[in-house]
Every structure is written in C-alpha cells, then in structure tokens.
Amino acid sequence: MMPPSNKEEIFIEVRKIVAQALRADEQKIGLNSSLIKDLGAESIDFLDIVFRLEKSFKIKIPKGELFPEKLLTDTRLVNAGKVTAEGIVELQKRIPNADWAAFSENPSVHNLGNLFTVGMIVDYLADKLALLKSTT
Amino acid sequence: MKPAFRRGDSLGVDLVEIKKARRFYARHRAKLSEILTESEIMFCRRAKKPYERLAALLASKEAVFKALSRSPKSFTEIELCPDGYGRFKTASAFSKKTCRVRYRKNARFVLADCYLKRRT
Chain A
1 MMPPSNKEEI
11 FIEVRKIVAQ
21 ALRADEQKIG
31 LNSSLIKDLG
41 AESIDFLDIV
51 FRLEKSFKIK
61 IPKGELFPEK
71 LLTDTRLVNA
81 GKVTAEGIVE
91 LQKRIPNADW
101 AAFSENPSVH
111 NLGNLFTVGM
121 IVDYLADKLA
131 LLKSTT
Chain B
1 MKPAFRRGDS
11 LGVDLVEIKK
21 ARRFYARHRA
31 KLSEILTESE
41 IMFCRRAKKP
51 YERLAALLAS
61 KEAVFKALSR
71 SPKSFTEIEL
81 CPDGYGRFKT
91 ASAFSKKTCR
101 VRYRKNARFV
111 LADCYLKRRT
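Protein sequences appear in the order of chains A and B. All the letters of the first sequence, read from the start, carry residue numbers 1 to 136 under the working numbering. All the letters of the second sequence, read from the start, carry residue numbers 1 to 120 under the working numbering.
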C-alpha cells in the first residue's frame with residue numbers, strides 16, 4: 001500500500017500511530033495536541049513513534065531530525081531555564097509552524113514541550129515526503 | 001574539602017518506565033541495532049527479562065546525552081559496558097572528562113544518572 005501523501009491523509013495516519021504508541025484515545029488527538037503536555041510522551045515514546053512512522057511511511061528519520069529535544073540541553077541555546085534569542089532562531093528553523101508568538105512571550109524551557117505537537121509531525125512528514133517525491 | 005560538583009562538571013538524569021520498555025522490545029526487537037551496539041544487544045538478550053536491561057540502557061544513554069549537552073548523531077554513538085553492579089562504563093573516550101553512569105530500578109522504573117567530571 002502506498003503511504004499517504006496529502007496533509008489530511010498524513011494526519012489520519014499520524015493520529016493512529018500516536019494513539020497506538022501512547023495508548024491514547026484517537027478521537028481526542030488533534031493537530032494542536034502536545035505530545036508531552038497533553039499525551040504524556042517520554043523519551044522512549046519518541047523512539048517508538050519514530051520507528052512506527054518509519055515503518056508506516058517507508059522513510060528513514062535520522063535521530064534529532066523530527067524531535068530536536070536535545071537542543072534543550074545546549075548551553076548556547078538555553079540559559080537559566082529560558083531559551084535564548086539564538087535558541088529561538090535555531091528552534092524556529094526546526095519547527096517552523098509552531099506558535100512562536102505565544103512561546104516568545106514566556107520562552108521558558110518548561111513551555112518547549114508544548115511545541116512538540118501532532119501538527120509538527122504532520123508538517124515534517126509532508127515536507128519530507130514532498131522532498132522525496134521531487135528527487136525520485 | 002573539595003566541592004563535589006565543580007564548574008565544568010555536568011549531570012544528566014533520565015527515567016524509563018519498564019512497562020513501556022517491554023512493549024518497545026516486543027514491537028521493535030528487529031530494529032534494536034539502530035539504537036544499541038552489538039554488545040549492548042547481547043547484554044539485553046542474555047537476561048531473563050531483556051526489556052529491563054533495554055530500559056537501563058536507554059535511560060543511561062539519554063542521561064549521557066543530557067550530560068554532554070549536545071545532540072547525538074545516533075544512539076550508538078555512545079557504547080555502554082555493564083560492570084555488573086548497576087553501573088556502566090562508556091567505551092567512548094571523553095578526552096577532558098571522566099564519565100560515571102549508574103542506574104537503579106524498582107518494579108516500575110529504571111532511573112539512570114550520568115556524571116561527567118572535569119579532569120584536573
């Protein structure tokens with residue numbers, strides 16, 4: 001079976017995968033659902049989700065490409081519990097479609113988990129699949 | 001008396017739920033080589049409950065990466081060698097730091113910590 005290619009189809013597949021990985025109710029998962037805050041994801045869950053996505057979408061996802069969580073421990077990007085201006089620029093490159101206006105009002109590392117949403121995965125996959133399609 | 005934690009030292013901590021490691025092991029056993037080295041996989045497989053050792057390795061690796069304060073290229077970048085006493089030695093060399101990784105478990109969780117200590 002061909003992997004989904006448009007955003008709507010991608011979202012449906014991602015929602016199913018996230019629900020299975022996190023044992024969550026599929027119907028309660030939306031594009032804005034935060035993987036950490038709303039769905040309780042932990043480090044092992046991120047690995048699980050990546051492996052499931054790789055299998056379902058028949059792609060390879062390098063470590064840190066989808067979930068740039070290790071940026072949080074980079075001392076250039078985080079200082080005294082706040083993401084620095086340089087950190088915000090770096091993260092914006094990785095997660096361009098997040099709600100950066102809201103985050104910038106209080107750039108605490110505790111709020112960063114809110115940016116890792118189901119929508120972020122959908123956007124990443126849509127870009128990745130489009131790139132793969134254009135190169136084949 | 002020397003302070004226990006000095007400028008340049010760093011600490012990383014991670015917690016993995018054993019129940020999740022069990023499900024992960026059951027589902028992704030064939031993909032373990034993407035996150036563990038061959039000797040780490042053997043360490044898991046030799047155990048009666050391999051998923052408990054998987055939980056220990058994953059928590060420990062996350063703890064090391066957090067202590068290193070940088071994004072790893074892959075999970076196999078750091079190889080952990082068990083010493084049999086709830087500690088791991090790192091096969092990778094840290095030129096200016098010594099690395100201590102240890103883990104403890106109860107029925108539900110594995111908690112790992114990594115202490116990178118600047119060499120004097």
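Hints in this document: simulated from the structure, not taken from any laboratory. Take the hints with a grain of salt, since some may be wrong.
Taking lysine-lysine pairs in the PhoX-like style, the calculated list, with each CA pair at most 25 Å apart, reads [unchecked claim]:
(1) Lys-55(A) <-> Lys-128(A)
(2) Lys-58(A) <-> Lys-128(A)
(3) Lys-96(B) <-> Lys-48(B)
(4) Lys-19(B) <-> Lys-16(A)
(5) Lys-37(A) <-> Lys-117(B)
(6) Lys-48(B) <-> Lys-63(A)
(7) Lys-133(A) <-> Lys-16(A)
(8) Lys-117(B) <-> Lys-97(B)
(9) Lys-63(A) <-> Lys-31(B)
(10) Lys-73(B) <-> Lys-89(B)
(11) Lys-97(B) <-> Lys-128(A)
(12) Lys-31(B) <-> Lys-58(A)
(13) Lys-89(B) <-> Lys-60(A)
(14) Lys-48(B) <-> Lys-55(A)
(15) Lys-89(B) <-> Lys-31(B)
(16) Lys-19(B) <-> Lys-28(A)
(17) Lys-63(A) <-> Lys-37(A)
(18) Lys-128(A) <-> Lys-31(B)
(19) Lys-31(B) <-> Lys-48(B)
(20) Lys-63(A) <-> Lys-89(B)
(21) Lys-37(A) <-> Lys-16(A)
(22) Lys-89(B) <-> Lys-117(B)
(23) Lys-93(A) <-> Lys-105(B)
(24) Lys-31(B) <-> Lys-16(A)
(25) Lys-31(B) <-> Lys-55(A)
(26) Lys-60(A) <-> Lys-133(A)
(27) Lys-48(B) <-> Lys-73(B)
(28) Lys-73(B) <-> Lys-58(A)
(29) Lys-60(A) <-> Lys-73(B)
(30) Lys-97(B) <-> Lys-55(A)
(31) Lys-73(B) <-> Lys-63(A)
(32) Lys-93(A) <-> Lys-133(A)
Computed Cβ-Cβ distance ranges for the label pairs, DEER-style [to be verified]:
(33) Ala-47(B) <-> Arg-23(A): 35 to 45 Å
(34) Ala-47(B) <-> His-110(A): 35 to 45 Å
(35) Arg-76(A) <-> Ser-74(B): 37 to 47 Å
Counterexamples of contact, computed for chain B against chain A with all Cβ distances above 10 Å [what the hints assert, rightly or not]:
(36) Asp-14
(37) Glu-17
(38) Arg-23
(39) Arg-27
(40) Thr-37
In this text the structure is predicted, and so the values were computed from the model without any measurement. Don't be surprised by glycine CBs; every beta carbon is placed ideally from N, CA and C.
Going through the hints against the structure:
{"no.": "1", "hint": "Lys-55(A) <-> Lys-128(A)", "in the structure": "holds (15 Å)"}
{"no.": "2", "hint": "Lys-58(A) <-> Lys-128(A)", "in the structure": "holds (11 Å)"}
{"no.": "3", "hint": "Lys-96(B) <-> Lys-48(B)", "in the structure": "violated (37 Å)"}
{"no.": "4", "hint": "Lys-19(B) <-> Lys-16(A)", "in the structure": "holds (21 Å)"}
{"no.": "5", "hint": "Lys-37(A) <-> Lys-117(B)", "in the structure": "violated (33 Å)"}
{"no.": "6", "hint": "Lys-48(B) <-> Lys-63(A)", "in the structure": "violated (29 Å)"}
{"no.": "7", "hint": "Lys-133(A) <-> Lys-16(A)", "in the structure": "holds (23 Å)"}
{"no.": "8", "hint": "Lys-117(B) <-> Lys-97(B)", "in the structure": "holds (5 Å)"}
{"no.": "9", "hint": "Lys-63(A) <-> Lys-31(B)", "in the structure": "holds (14 Å)"}
{"no.": "10", "hint": "Lys-73(B) <-> Lys-89(B)", "in the structure": "holds (20 Å)"}
{"no.": "11", "hint": "Lys-97(B) <-> Lys-128(A)", "in the structure": "violated (38 Å)"}
{"no.": "12", "hint": "Lys-31(B) <-> Lys-58(A)", "in the structure": "holds (14 Å)"}
{"no.": "13", "hint": "Lys-89(B) <-> Lys-60(A)", "in the structure": "violated (30 Å)"}
{"no.": "14", "hint": "Lys-48(B) <-> Lys-55(A)", "in the structure": "violated (28 Å)"}
{"no.": "15", "hint": "Lys-89(B) <-> Lys-31(B)", "in the structure": "holds (24 Å)"}
{"no.": "16", "hint": "Lys-19(B) <-> Lys-28(A)", "in the structure": "holds (23 Å)"}
{"no.": "17", "hint": "Lys-63(A) <-> Lys-37(A)", "in the structure": "holds (22 Å)"}
{"no.": "18", "hint": "Lys-128(A) <-> Lys-31(B)", "in the structure": "holds (22 Å)"}
{"no.": "19", "hint": "Lys-31(B) <-> Lys-48(B)", "in the structure": "holds (20 Å)"}
{"no.": "20", "hint": "Lys-63(A) <-> Lys-89(B)", "in the structure": "holds (23 Å)"}
{"no.": "21", "hint": "Lys-37(A) <-> Lys-16(A)", "in the structure": "holds (18 Å)"}
{"no.": "22", "hint": "Lys-89(B) <-> Lys-117(B)", "in the structure": "holds (14 Å)"}
{"no.": "23", "hint": "Lys-93(A) <-> Lys-105(B)", "in the structure": "violated (38 Å)"}
{"no.": "24", "hint": "Lys-31(B) <-> Lys-16(A)", "in the structure": "holds (21 Å)"}
{"no.": "25", "hint": "Lys-31(B) <-> Lys-55(A)", "in the structure": "holds (11 Å)"}
{"no.": "26", "hint": "Lys-60(A) <-> Lys-133(A)", "in the structure": "holds (14 Å)"}
{"no.": "27", "hint": "Lys-48(B) <-> Lys-73(B)", "in the structure": "violated (31 Å)"}
{"no.": "28", "hint": "Lys-73(B) <-> Lys-58(A)", "in the structure": "holds (21 Å)"}
{"no.": "29", "hint": "Lys-60(A) <-> Lys-73(B)", "in the structure": "holds (14 Å)"}
{"no.": "30", "hint": "Lys-97(B) <-> Lys-55(A)", "in the structure": "violated (39 Å)"}
{"no.": "31", "hint": "Lys-73(B) <-> Lys-63(A)", "in the structure": "holds (6 Å)"}
{"no.": "32", "hint": "Lys-93(A) <-> Lys-133(A)", "in the structure": "holds (22 Å)"}
{"no.": "33", "hint": "Ala-47(B) <-> Arg-23(A): 35 to 45 Å", "in the structure": "violated (25 Å)"}
{"no.": "34", "hint": "Ala-47(B) <-> His-110(A): 35 to 45 Å", "in the structure": "holds (36 Å)"}
{"no.": "35", "hint": "Arg-76(A) <-> Ser-74(B): 37 to 47 Å", "in the structure": "violated (22 Å)"}
{"no.": "36", "hint": "Asp-14", "in the structure": "violated (6 Å)"}
{"no.": "37", "hint": "Glu-17", "in the structure": "violated (7 Å)"}
{"no.": "38", "hint": "Arg-23", "in the structure": "violated (8 Å)"}
{"no.": "39", "hint": "Arg-27", "in the structure": "violated (7 Å)"}
{"no.": "40", "hint": "Thr-37", "in the structure": "holds (15 Å)"}
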